[in-house]
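Use the sequences and the hints to build the structure in full.
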Amino acid sequence: QADDMRIAIVVKALGIGFFEAAAKGAEEAATELGGVEIIYTGPTDTTAEGQIEVINSLIAQKVDAIAISANDQDALVPALKKAMSRGITVISWDSGVAPEGRQMHLNPSSNSLIGNMIVKMAADQLPEGGDVAVLSASATATNQNIWIEEMNKVVGNYTGINVVATVYGDDLSDKSYREAQGLMASHPDLKAIIAPSTVAIVAASQAVSDAGRAGEVLVTGLGLPSEMAGHVESGASKSFAIWNPIDLGYAATMISYNLAKGEATADAGGEIGMGRLGSVTLSDTLDGAMSDPFVYDASNINDFKDIF
Amino acid sequence: MPVELSPVLSMQGIVKDFPGVRALSSVSLELYAGEVTALVGENGAGKSTVVKVLTGIYQPDQGAITVTGVARQLTTPKDAARAGITAIHQETVLFDDLSVAENIFIGHAPVTRLGLVNWQKMNDDAAALLERIGASVNPKALLKDLGIANKHLVAIARALSIDARVVIMDEPTAALSQKEIEELYLLVEQLKSDGKAILFISHKFDEIFRIADRYTVFRDGELIGDGLINDTNSADLIQMMVGRTVEGVFPPRTNDLGNLILQVNNYSHPTEFEDISFSLNRGEILGFYGLVGAGRSECMHALFGITRPSAGHMSIDGELVSLKSPADAIAHGLVYVPEDRGKQGAITALSIVDNIALPSLQNTSHKGFVRMAHEFALARKFTQRLELKAAALDQPVGELSGGNQQKVVIAKWLATQPAIIILDEPTKGIDIGSKAAVHAFMRELASQGLAVIMVSSEIPEIIGMSDRIIVMREGRQVAEVGRDDVTPEALVKAAAGIEEASVA
Amino acid sequence: MKSLTLSRDALLALALIALVGLVYLRFPAFASPNSLLGVFNDTSILIILALGQMAVILTRCIDLSMASNLALVGMCTAMLNSALPSIPIPILVFLAMFLGALLGSINGILVWKLDIPPIVVTLGTLTIFRGLIFLLSEGQWVNAHEMSPAFKALPRLSIFGIPALSWFAILCIAGMYVLLTRTHYGRAFYAVGGNPNAAVYTGIDVGRTRFNAFVLSGALSGIAGYLWVSRYAVAYVDIAAGFELDVVAACVIGGISIAGGMGSIGGAVLGALFLGVIKNALPVVNISPFWQQAISGAAIIVAVIFNARSERRLGRIILKKAEQI
Amino acid sequence: MNSQYPNNASEMPDRLHGPLARMLASWEFLLIIVAVLIFFFNTQASPYFLDAWNLSDATFNFTEKAMIAFAMALVIISGEIDLSVASIVALVSTSMGFAVQLGFDTPSLILIAIAVGAACGAFNGFLVATMGLPSIVVTIGTLSLFRGIAYIVLGDKAYSGYPDSFAFFGQGYVWWVITFEMVLFMIIAAIFYVLLHRTSFGRSVKAIGNNPTAALFAGIRVPRVKFMLFVLSGIMSAIAAICLTSRLGSTRPSIAVGWELEIVTMVVLGGINILGGSGTILGVFIAAIVMGMVTFGLGLLNVPGIVMSIFTGLLLITVIALPIVIRRARQRVAN
Ligand SMILES: Nc1ncnc2c1ncn2[C@@H]1O[C@H](COP(=O)(O)OP(=O)(O)OP(=O)(O)O)[C@@H](O)[C@H]1O
Ligand SMILES: Nc1ncnc2c1ncn2[C@@H]1O[C@H](COP(=O)(O)OP(=O)(O)OP(=O)(O)O)[C@@H](O)[C@H]1O
Ligand SMILES: [Mg+2]
Ligand SMILES: [Mg+2]
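Residue numbers (my numbering), protein chains in the order written: chain A, 9 to 316; chain B, 16 to 519; chain C, -17 to 307; chain D, 40 to 374.
Please keep in mind that the hints were generated in silico from the structure rather than gathered at the bench.
Every value quoted in this text rests on a predicted model; they were computed, and no experiment measured them.
Among these hints, one or two may not hold up.
As the list claims (entries may be wrong) - Keeping only pairs whose Cα atoms sit at most 25 Å apart, straight-line, the calculated SDA-like set for lysine to any residue is:
1. Lys313/A / Gln122/C
2. Lys93/B / Leu162/C
3. Lys508/B / Glu195/B
Here you go:
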């Protein structure tokens, strides 16, 4: 084998723009490090069983490290434990695995910052307050639920903002679209839809435009500039946030490399280097945050829409 | 009287092979305008195969077909229709969920100028056609709402809706009552006078001699002989068909009746039959006569536990029994040989041995596990008795001819060693040679103490075989007569409801 | 029997009205004409697919590959549009239909020429088509801003106050009605499904008729493919995944006999609308989305039981007495 | 006499062909050839394939599905189909998770699982066998219903915290690389082999699949047999659910989604006639291994699952089509 280290980047499902961008970052890290082969893989639908099959074949290939964005925080634990027992470095990133199934978890940002950001973006556009609703991905997505929880903690700080419903689009565009329609129908005074999922935010924007209510019902949340550019232009969405997925893939690769090489260990309070991004400090539950979420709006979206 | 002309249709040197069987080996057949040619032969002789070759359903492996002197390739049923050949097939080939008119015209329905189906004209044409054959059927009615006789008339109307030179009828009277058969004969006369060439397939010699002008005999896929009906007699025909002479008489009863085994009292069903009561002794053959549709089969189904009676009770060997399923009936030694061989009798994809062992699994298996050797022994024993013709015991039943399938079905029931056996139309579609064997066998079973109920629509058979006869009409028991004081006329009258009182 | 079909469709229509009425009690705005038009519009794609599935089921076959066909055609048209935005949309719609028909003809050929059971064929092509989308797109999405405005505008175009998406469905319904009731092609579907054996004897080519049905369902899936991606303005591998079962369910609820040969256009449309109303009503009446699946399941079972009851044949009536009842 | 029929019934042999000829003409023989080819291809394609531990891990790809496939095979042979199996897995897993929250121990969890699986199967069986409804439609309905109930119970939550002893079913090893699941799979295969091919129950199933009316007339209690088959299918789904839940250590309502079509594919690939009436357990056994090897081999090459599905789809169609094409070609040559 030409490369002396193989790092597997396992994603929730192949073909999602966000993860494709992360894969670019991983390749960037591999080039920088030299002698690293990236195996970018994942199931084609967002299921835990699919990821387990992928993990099993990675174990069989005796890769050096697995960095995974999990579809289910519990179900992957036995498979990942097995990987660790065969000497493979395992970390999770983006969407986490329960602590016993990984050495550390890399949050793209801190959950409380994200939770705050998604409601703040809505509140900034609604000085007088009003009804807002949450359109999430699948009801089982770990990270979505944590952000919504964090958001609900701080929503009281924004006067007049009133969360009237939380619905699930299952990361399917047709279902998300229909749920968004349902929200507008059942809450005539709805002022904003907060969609902390890249699929849901696109579908919600489309539903709002189709209903002829662009600008009236604001869509915000977490989305990719490439997918949202059109909707910012149409006015359905004024602003949305996301961390840089390229950086995230880059950081996950760097951390995996350092752990697998033995150049760092995952201990509470310890630091692990992330190349050009500095280093991450681990909490008691062995997770750390990469950086703040970044807000995109009409002023900067054109700079990013062709990148990811 | 027919004039010697060149044939309308002629087949020469036709060969048709099926896996393992040569169904037709170089047969020839000629049909003449205005004449009825009877095609006769034992079961599996290849009669239906000829029909299918002529209607484009099967392609012959060799041979030529000429229609009015022109050589024709009949590769699809459409080709056959275009060549002027139409057929009433042995099986009903109609659509239950479509209307009568559509059943008659499907495939060649009249269209409007836009090429869309013209329902109005189709219904009108259908009405005209039905009137011509004397059927009072609403062309808009759904086929499934018709009785069997009317369905048959629809099949005939369909055959006539194609303006054909050649009309083929494959056992058209097998499922018809005497009255409808008479009407069919009239229609055949009419077609003859219209100058059609008719091929008529039948196992019934009386009707062959009544309506046919010519005959052709097949045996084992080969042409044995043909000629004018006036130059032959039934003994010669049978000789040609079977290759030997056949006893035309029914085997006489030699045994004495045993004790009472089955007693049925006031069996009734909400819609199908009412108040059926009779008794049956060991060693007795009890005939059930009636026109088709009289409800005999339904009554037998109830005795066998397939449907539940709404009133009445039955006892076997003096013990009151309530049969909830055929499995119960078999456990009590009562079995039923159904009349619909294809649907109810044989499992055509399974082998002969599997079919025969099926109702006897209790006996051939051990604690739920099957024992193949026992099954083969059982199958061999009973197929030999019935002189089954097959390549091997593991041959699928579907590959056998109709008559041989019937033998497998009978064998399968005898293998359960029953005390009472109900045979529903046991010789329907069976050739004359096998028929005699079945009759002899029935008699032998009776003399061994088996109680037999035989449902039959054939008067000679019912009179020749039964010790006692029950006549049914419209779901009711209308007469019971002993063997010695029965006449064919009395049976027909009772069955048709003429002078009911004088017969009873 | 004509009256029986009618009454079954009528009963289904009544059930549908009752369902809407129920939602109305909790949320009156749902029953407003605009909202109902919205439901019809939202169900249009399901209706189009159900019509295609109906043709296939009539011939005693089943097409499980419709949703994959839709997704593959959807992805192709979306990619084509983003690569060559100058292709006029009507031509693109025609191409979508043609491509769908082509995919359908693969099913049809396998069923016709090789006699492979339809459920096996379409189970195979279900996965193959889906995989092809991945190979074709390399897993990438086609996003809203990559599609031309005209591409996205067509289904939303309002004609007489009704979106073009709904018009597509209405056109398909009308076309199928003429095809099934007034042409030899359509009547052959009924004949082949009702009694394939008899169809052979009447000179109908059973295999070719089934082939036709698959091509038809493919063409309708193709149209639905374009409509789907343009309506939701996104195309990716998993669109409409699992939708094939919804389509079969719509037909079943609409009383299309799975044994072939029986069913009406009205049934298929009402069956699709029934599912559409449930889907649209649940979020509106604030029933937890987690109940949706169980409710549609129960609806299917009730519909099956109901249809079986009305289809059940009375036995032959022999007794005169019984005939009079 | 031109036909090959013996003139005399007593000369008729038991069987037309000997055991060897029957084996060579059998579906299983074809499947074995396919299996060997795939095995060989895999050894060439990846250096990691021939490794005891890897092969052992690979069995998880198919053992649970195959357990259900055996029961599905019987259901399909009887002329019915059960599309609700994966949803039964989800509902069983959910009820086990529910029971864990109430503090039940491992043996009771197993009992609860089997009971729930059997109840689901009995519900299907009642609708199909007793009420006489078409199974394909009924089980599309229960497919939604059973998983829907799991969603109602669980919503967006998950159950975990299964007892340690519970982990053995999906993660335990009996000896060296031999997993508990693998052993269970073998035992179940053997039981189903005997059930279908050596018992009168199996014979009844075949008869029903070929012609339910004739089977009824032959004294087979058709509704009862069908009912039992659906219950059996429910129980096998429950057993698979136990293994899967134990392997995942947690329950979500989306567990095993889409398995029904994979299982039907496995069964059909195994030579079970989808129209009912014929097929063997050995065929399903080999087909399960073939599908497991295909997915594992492609997985080692990091081929995405969806591209693998192209292979399974093609495999399904070609393996079914091949004998038909060969038979046609042979006929053409013969003529
Ligand atoms: N599809 C088929 N496959 C194999 N063998 C067949 C097939 N159809 C007919 N045969 C065989 O061809 C021979 C002739 O059958 P055919 O049905 O023509 O007989 P038949 O004269 O009509 O008999 P019957 O009086 O019983 O109707 C029989 O041996 C039969 O087993
Ligand atoms: N209305 C009908 N539609 C379809 N098939 C029918 C109809 N009536 C009778 N048959 C069929 O015709 C055949 C012979 O008639 P059938 O057995 O009905 O008479 P029956 O009243 O049951 O009793 P039997 O004629 O034996 O007295 C059977 O195969 C039967 O299924
Ligand atoms: Mg015949
Ligand atoms: Mg009868």
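The hints, checked one at a time:
With a C-alpha separation of about 15 Å, the suggested pair Lys313/A and Gln122/C falls inside the 25 Å cut-off, and the hint holds. With a CA separation close to 22 Å, the supplied pair Lys93/B and Leu162/C stays within the 25 Å bound. Annotation: proposed proximity of Lys508/B to Glu195/B holds, straight-line Cα distance about 15 Å (limit 25 Å).
Comparing the model with each numbered hint stated earlier shows that all of them hold.
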